[in-house]
Amino acid sequence: MAFYSPVHGEEYVERRFRDAARHLPEVLGPFKSADEAPEVRAKALLAVTLTGGTGVAVAEYARRLGVRSVVTLGFPEHNSAASSLSARSYLEAEGVRVWPVHCAPGEDCGEVAARARGIARAVALLTEPRVLLIGRRTAQADRFSAKFGGVVDVMDLDKFAEVVEGSEPDPEFISVFGVEEAAKIYAAFKSLGGYDGKAIACFPYILKYGVTPCLALALANAKGDVVACEGDLQALAGMLVSKGLTGYSGWIANAVYAKGAEAFFAHCTAALNMAKSWRLMPHFETGRPYGLAASLAEGRYTAVSFGPAFDKLAVGVFDAVESGNLVDWACRTQLRAKPLFDGRRLFEAAPANHHVFIPGDRREEVRAVAYLLGVGLLEY
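Numbering-wise, the numbering used here puts 24 at position 24 of the sequence shown, and it's gapless, one number per residue.
If you are wondering where the hints come from, they were derived from the structure by calculation, not from laboratory data.
Beta carbons are placed, not taken as given, at the ideal position from N, Cα and C, and that holds for glycine.
Some hints could be false.
[Stated by the list, open to error] Using C-beta positions, here's what the derived DEER-type ranges look like:
{"#": "1", "residue 1": "P171", "residue 2": "T286", "range": "22 to 30 Å"}
{"#": "2", "residue 1": "L207", "residue 2": "V40", "range": "44 to 52 Å"}
{"#": "3", "residue 1": "N254", "residue 2": "V56", "range": "43 to 51 Å"}
[As the list claims (entries may be wrong)] Within a straight-line C-alpha distance of at most 20 Å, the following computed EDC-like cross-link-like pairs (lysine to aspartate or glutamate) qualify:
{"#": "4", "residue 1": "K208", "residue 2": "E162"}
{"#": "5", "residue 1": "K259", "residue 2": "D342"}
{"#": "6", "residue 1": "K190", "residue 2": "E168"}
{"#": "7", "residue 1": "K338", "residue 2": "D319"}
{"#": "8", "residue 1": "K338", "residue 2": "D361"}
{"#": "9", "residue 1": "K43", "residue 2": "E14"}
{"#": "10", "residue 1": "K147", "residue 2": "E128"}
{"#": "11", "residue 1": "K190", "residue 2": "D158"}
{"#": "12", "residue 1": "K208", "residue 2": "E180"}
{"#": "13", "residue 1": "K312", "residue 2": "D142"}
{"#": "14", "residue 1": "K190", "residue 2": "E230"}
Let the sequences and hints guide you as you build the complete structure.
Structure (structure tokens):
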């Protein structure tokens with residue numbers, strides 16, 4: 001939603017709103033008061049302060065929606081960014097968390113607006129999410145619900161196997177991978193709609209039914225779903241952060257080793273849209289069909305890891321050095337990376353094994369998401 005004060009002139013407001021809409025095509029407005037803005041259902045609010053004198057309108061609108069997290073987007077001209085700070089002052093006195101983002105002179109406002117949008121989306125995905133856990137209910141599921149609200153539905157493995165058996169092999173899956181194993185698993189994932197994310201206890205499933213969900217996860221995560229393996233809701237939370245910030249579900253990875261200037265990560269699946277190439281291999285631990293040996297795109301990644309109570313989020317940045325199936329003693333998709341910190345910190349401070357790799361340097365956005373969710377941030 002975009003707000004303005006008429007004091008700043010109709011011509012300026014119209015021009016600034018056109019600029020904002022160019023960067024955020026979904027923005028509604030401009031509105032000069034909260035009363036003018038439409039009633040919508042929202043889990044987080046992204047408010048654009050087009051001019052000064054809009055802090056009260058933003059605060060009143062956030063109250064009306066009942067949101068607990070607000071991202072503001074401001075500009076240097078006409079006290080726009082200043083109003084973002086005013087809105088924060090009003091709302092944080094009432095327990096609403098606000099993160100101001102503004103485009104300073106010389107910055108690319110399109111990139112700044114995209115960051116603001118991503119922060120709001122990530123927070124919304126982890127505000128009262130609806131999640132499916134395929135396996136058995138765990139204490140982790142209870143902690144996830146306690147922290148983020150929402151619902152964790154549980155489907156036991158045998159029930160999921162019935163859904164799999166009743167599904168037709170997905171033709172897209174067969175076209176992509178050239179194998180039929182797990183084509184029904186992918187179809188089953190697709191049929192279980194209405195969730196912000198899913199997680200499957202894959203090892204019990206592999207041992208009981210003889211085929212891994214690794215390939216199904218690789219395609220599902222590339223097609224817009226967010227599915228975590230090992231029934232890990234801490235990793236799923238990190239994947240939802242990645243999805244909100246970038247549109248990618250991220251790559252779940254085991255921390256294999258770390259030293260000062262090098263770290264190594266591995267897992268048996270990766271979203272296909274994060275891989276520049278891939279091939280099928282037997283699953284590492286079980287030898288069952290199939291694991292995915294993917295080579296991740298070069299560049300910089302931000303790795304995040306939630307703690308067991310979801311009250312801590314670790315973050316570190318890595319440059320990819322090489323990726324693929326590099327060694328025979330680890331899971332099939334592997335990444336050797338250079339940490340932009342003393343790599344020894346990883347094993348000293350990591351709150352969990354699984355780290356979710358998000359494309360790009362996203363430290364600023366992750367810092368914002370952690371603050372808005374009331375999660376402590378640990379920077380490696």
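Please write out, lowest number first, the hints stated earlier that are contradicted by the structure. The structure breaks only hint 9.
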